[in-house]
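Numbered according to my numbering, the sequence shown terminates at residue 158, and the numbering increases by one at each position without gaps.
Be aware that a few hints might be false.
[Stated by the list, open to error] Label-pair distances were calculated between CB atoms; the ranges are:
{"no.": "1", "residue 1": "99", "residue 2": "155", "range": "45 to 53 Å"}
{"no.": "2", "residue 1": "39", "residue 2": "72", "range": "34 to 42 Å"}
{"no.": "3", "residue 1": "93", "residue 2": "37", "range": "44 to 52 Å"}
Keep in mind that the hints were calculated from the coordinates and are not lab data.
In this text, a Cβ means the ideal position worked out from N, Cα and C, and glycines have one as well.
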Amino acid sequence: MSTAHQVAYWKHHARKHEARANAAPDSAELERLRAADAELTTRKTAELSETERLQKERDDALAEAAAERARTEAATASALRLQVAADKGLTPAQATRLQGATKEELEADADELLSAFGPVTPAPGTPRSGGPRGSDAGGGATTTATGAELYRQRHGKN
Numbered sequence: 001m002s003t004a005h006q007v008a009y010w011k012h013h014a015r016k017h018e019a020r021a022n023a024a025p026d027s028a029e030l031e032r033l034r035a036a037d038a039e040l041t042t043r044k045t046a047e048l049s050e051t052e053r054l055q056k057e058r059d060d061a062l063a064e065a066a067a068e069r070a071r072t073e074a075a076t077a078s079a080l081r082l083q084v085a086a087d088k089g090l091t092p093a094q095a096t097r098l099q100g101a102t103k104e105e106l107e108a109d110a111d112e113l114l115s116a117f118g119p120v121t122p123a124p125g126t127p128r129s130g131g132p133r134g135s136d137a138g139g140g141a142t143t144t145a146t147g148a149e150l151y152r153q154r155h156g157k158n
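Model the full assembly from the supplied sequences, consistent with the hints where possible.
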């Protein structure tokens, strides 16, 4: 591409972007539009009859109540799922997989999950992920000297 073609290309795109920026409303125009929208909403509300206004308020309240009811039911189901999982010894990740609407259905599903995959508790004496820490490291009194001795044993240092 020659220099003249490149200059023409970039001028074209600069003009296009400048036209787009100039077409966007400025802050004063946005404020005017917001004020006009608020005034229109006020006029529409004033034009409604008392009965229409009350029906609209009732419909809004019913919709809000239905949404709140759905949120409450979802929270209750989640809490019940977590409770059953804790009682059966499942992890929270496994609890999200439980299926059922009642406690009995959730317990039956948890039993099925346990029979298919077994318990999730680690065998006694198995170190935790990341290696032994705290009371796992040494089994006895944990002092600085015992920790240093354990380090020397594991890493072959004197």
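Here is how each hint holds up against the structure:
Our hint of 45 to 53 Å for residue 99 and residue 155 holds, since their Cβ atoms are close to 49 Å apart. At roughly 38 Å, the beta-carbon separation of residue 39 and residue 72 lies within the given 34 to 42 Å, and the hint holds. The beta-carbon spacing between residue 93 and residue 37, approximately 47 Å, falls within the hinted interval of 44 to 52 Å.
The structure is consistent with each of the numbered hints, conforming to all of them.
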